[in-house]
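Listed here are the chains, written in short residue letters.
Number of protein chains: 2
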Amino acid sequence: MASQKRGRQSFQLNRPAVITHWASVAGKKESEGPLGHTFDLTSQDAYFGQKTWEQGEKQMQKLALETLAKKAGLRQQEFDLVFSGDLLNQCIGSSFTLRNMGIPHLGLYGACSTMAESLLLASMTVGGGFGDKVVAMTSSHFASSERQYRFPLGYGGQRTPTAQWTVTGSGAALVCSEGKGPRITGCTIGTVTDLGIKDANNMGAAMAPAAYATIRAHFTDMGVGPEDFDLIVTGDLGQLGKEMLLELAKRDGLSLGGKLTDCGNLVFDNTVQDVHAGGSGCGCSAVTLCGYLLGQLNTGKLKKILFCGTGALLSPTSTQQGLPIPGVCHGIAITGGR
Amino acid sequence: MASQKRGRQSFQLNRPAVITHWASVAGKKESEGPLGHTFDLTSQDAYFGQKTWEQGEKQMQKLALETLAKKAGLRQQEFDLVFSGDLLNQCIGSSFTLRNMGIPHLGLYGACSTMAESLLLASMTVGGGFGDKVVAMTSSHFASSERQYRFPLGYGGQRTPTAQWTVTGSGAALVCSEGKGPRITGCTIGTVTDLGIKDANNMGAAMAPAAYATIRAHFTDMGVGPEDFDLIVTGDLGQLGKEMLLELAKRDGLSLGGKLTDCGNLVFDNTVQDVHAGGSGCGCSAVTLCGYLLGQLNTGKLKKILFCGTGALLSPTSTQQGLPIPGVCHGIAITGGR
Chain F
1 MASQKRGRQS
11 FQLNRPAVIT
21 HWASVAGKKE
31 SEGPLGHTFD
41 LTSQDAYFGQ
51 KTWEQGEKQM
61 QKLALETLAK
71 KAGLRQQEFD
81 LVFSGDLLNQ
91 CIGSSFTLRN
101 MGIPHLGLYG
111 ACSTMAESLL
121 LASMTVGGGF
131 GDKVVAMTSS
141 HFASSERQYR
151 FPLGYGGQRT
161 PTAQWTVTGS
171 GAALVCSEGK
181 GPRITGCTIG
191 TVTDLGIKDA
201 NNMGAAMAPA
211 AYATIRAHFT
221 DMGVGPEDFD
231 LIVTGDLGQL
241 GKEMLLELAK
251 RDGLSLGGKL
261 TDCGNLVFDN
271 TVQDVHAGGS
281 GCGCSAVTLC
291 GYLLGQLNTG
301 KLKKILFCGT
311 GALLSPTSTQ
321 QGLPIPGVCH
331 GIAITGGR
Chain Z
1 MASQKRGRQS
11 FQLNRPAVIT
21 HWASVAGKKE
31 SEGPLGHTFD
41 LTSQDAYFGQ
51 KTWEQGEKQM
61 QKLALETLAK
71 KAGLRQQEFD
81 LVFSGDLLNQ
91 CIGSSFTLRN
101 MGIPHLGLYG
111 ACSTMAESLL
121 LASMTVGGGF
131 GDKVVAMTSS
141 HFASSERQYR
151 FPLGYGGQRT
161 PTAQWTVTGS
171 GAALVCSEGK
181 GPRITGCTIG
191 TVTDLGIKDA
201 NNMGAAMAPA
211 AYATIRAHFT
221 DMGVGPEDFD
231 LIVTGDLGQL
241 GKEMLLELAK
251 RDGLSLGGKL
261 TDCGNLVFDN
271 TVQDVHAGGS
281 GCGCSAVTLC
291 GYLLGQLNTG
301 KLKKILFCGT
311 GALLSPTSTQ
321 QGLPIPGVCH
331 GIAITGGR
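These protein sequence lines map, in sequence, to chains F and Z. According to the numbering used here, the first sequence holds residues 1 to 338 in order. According to the numbering used here, the second sequence holds residues 1 to 338 in order.
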């Protein structure tokens with residue numbers, strides 16, 4: 001069998017799903033952060049040469065896909081399938097990226113968990129023999145997110161200390177049935193988890209229970225623990241969400257053994273970049289994975305990580321209607337390439 | 001191998017993916033249409049007992065999932081995975097349906113192609129051995145769509161003759177590795193196709209090129225033609241989009257041989273229900289498939305269909321910014337159960 005179902009939420013890949021290449025594109029603020037040197041392309045122009053922020057976000061995905069093809073020595077039309085999605089209403093960042101490209105496309109909505117969700121589905125596609133050279137991609141943009149989810153930027157609203165800063169960036173990874181590179185060995189599909197958090201300015205807290213549920217499910221289903229990983233990397237819980245996740249684990253008698261880190265804390269330097277609780281957005285875990293993390297796995301500096309994309313499944317409408325914020329998290333176990 | 005890649009966009013399933021059960025929930029107008037008798041549940045209340053239309057839409061998905069479980073003799077927690085998405089911003093219909101249900105969930109955005117996209121991914125999951133008892137589900141709601149995409153209902157705006165009427169309904173299908181029922185034999189993944197249509201009140205025209213591209217790709221990749229199907233059923237092109245698809249095929253020298261029909265034309269009676277160019281929305285193809293079509297396949301009245309979910313990948317923002325409407329279409333070949 002190409003795969004083996006493990007427990008209720010997980011599967012192990014018996015045929016390889018190799019991440020042979022990856023690419024990242026990021027904005028100015030991200031280029032000034034601690035991971036700035038790991039991105040393939042950065043731009044000082046928030047519009048990425050386009051007329052609107054939304055089209056700028058699309059442009060980042062276009063550049064990420066182009067760069068990925070270049071690094072892989074492929075024409076973009078040789079990609080079998082692109083799984084992608086973003087935070088913009090109706091995922092127009094992804095749709096417009098792929099417009100008339102002639103590349104088969106399946107659109108996703110997993111909020112900020114999209115990098116993990118797309119990787120999971122890409123590894124299923126490759127592992128099951130449904131396609132090869134499958135791309136997992138996503139993006140977010142600070143300015144397009146602010147105006148869609150919060151306030152017009154020109155309004156200059158103050159941000160609460162619990163708020164996170166949406167990363168301007170796009171990441172794309174190429175998953176293949178053969179080749180060299182980090183390998184996806186198993187995945188855990190998340191359940192929608194909601195402990196009643198209603199503060200849309202504290203999404204780390206809303207996502208922490210989902211992250212914990214998925215990490216616990218991965219450990220149970222796969223018969224592993226924190227000792228089997230060099231790092232457990234959550235998507236974008238930020239500082240507060242990360243602390244909450246540690247607390248949830250502790251109450252359950254589970255120590256994450258100093259292995260936990262979060263892309264929202266890696267991508268910005270909180271002490272000087274004024275991002276409050278850290279980075280967020282689909283692009284946060286995407287650029288951190290498709291730059292720093294896969295780089296470290298590829299050179300053997302990291303041997304095995306559990307990459308846990310986290311998403312807050314709210315909308316401005318659900319918040320205005322007084323509803324809480326459901327969270328989701330998908331876990332991807334990735335082993336180093338050497 | 002569980003599957004065999006065929007051509008650029010398609011795959012054939014060698015392990016069965018059987019649609020063992022299906023369920024549909026629909027609104028008042030849909031219950032009065034020609035397919036009214038094929039729905040499991042209908043409601044005279046547009047709110048489905050909830051406080052808002054958005055929560056009403058969520059409630060339809062909840063009822064569809066409940067009904068599906070009942071028909072299958074399962075507890076909902078026995079579903080391995082739910083693939084779902086909807087038209088609401090950030091897909092809150094789907095997220096809130098699965099909130100705290102403990103069912104693994106992967107969220108999709110394929111606009112009105114979501115029933116086909118979710119079926120395609122469910123058949124990959126089952127065919128590849130990544131899971132069993134996988135649900136494909138979606139919904140749309142006339143009132144939640146109107147206020148999000150067009151005008152407040154209270155405004156009473158006139159509709160153009162090319163406009164379609166968003167179906168209030170939800171459909172859910174259960175895909176399993178064994179059992180009795182219609183079988184998914186192969187799928188074709190669509191590419192994002194855009195011939196420059198900018199009229200958001202003529203989405204049939206925007207989607208027709210994508211539908212034609214996918215039907216042609218399916219025929220080429222799988223080595224089949226119109227003669228191999230009892231019906232070729234598009235998602236929601238409506239009357240105008242259907243005519244345009246026939247024209248595109250004709251120009252290419254391909255006759256669809258009187259096999260083409262469209263869920264947007266099946267679900268309402270245009271002559272008396274005042275829906276202009278026909279039905280639309282994720283729910284349109286969902287309730288038509290998860291009622292009439294699977295019923296006919298199950299009893300052997302239909303032997304083989306090509307179910308082509310069509311989606312218009314626009315957003316109000318992209319329309320306001322003067323951009324055209326990209327379309328996508330995924331094709332699912334389904335063989336009768338007997």
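Hints may contain errors.
No copy labels: a pair is met if it fits in one copy or bridges any two.
To be verified - Pairs of lysine to any residue residues, derived as SDA-like cross-links and limited to a Cα-Cα distance of at most 25 angstroms, are as follows:
(1) LYS71 with LEU246
(2) LYS5 with PRO16
(3) LYS51 with ASP230
(4) LYS28 with LEU246
(5) LYS180 with GLN4
(6) LYS259 with GLU247
(7) LYS198 with GLY258
(8) LYS51 with THR319
(9) LYS301 with GLY337
(10) LYS198 with TYR47
(11) LYS70 with LEU153
Since the hints were derived computationally from the structure, they do not count as laboratory data.
The hints, checked one at a time:
1. LYS71 with LEU246: neither (38 angstroms within a copy, 41 angstroms between copies)
2. LYS5 with PRO16: both (15 angstroms within a copy, 17 angstroms between copies)
3. LYS51 with ASP230: neither (43 angstroms within a copy, 48 angstroms between copies)
4. LYS28 with LEU246: neither (31 angstroms within a copy, 49 angstroms between copies)
5. LYS180 with GLN4: Both: 23 angstroms inside a chain and 24 angstroms across chains, each within 25 angstroms.
6. LYS259 with GLU247: This pair counts as within: shortest intra-copy Cα distance 14 angstroms, inter-copy 60 angstroms.
7. LYS198 with GLY258: neither (29 angstroms within a copy, 53 angstroms between copies)
8. LYS51 with THR319: between (30 angstroms within a copy, 14 angstroms between copies)
9. LYS301 with GLY337: within (10 angstroms within a copy, 53 angstroms between copies)
10. LYS198 with TYR47: between (32 angstroms within a copy, 23 angstroms between copies)
11. LYS70 with LEU153: For LYS70 and LEU153, the Cα distance exceeds 25 angstroms both inside one copy (35 angstroms) and across copies (49 angstroms).
Consistency with the previously given hints fails for numbers 1, 3, 4, 7, 11, ordered from lowest to highest.
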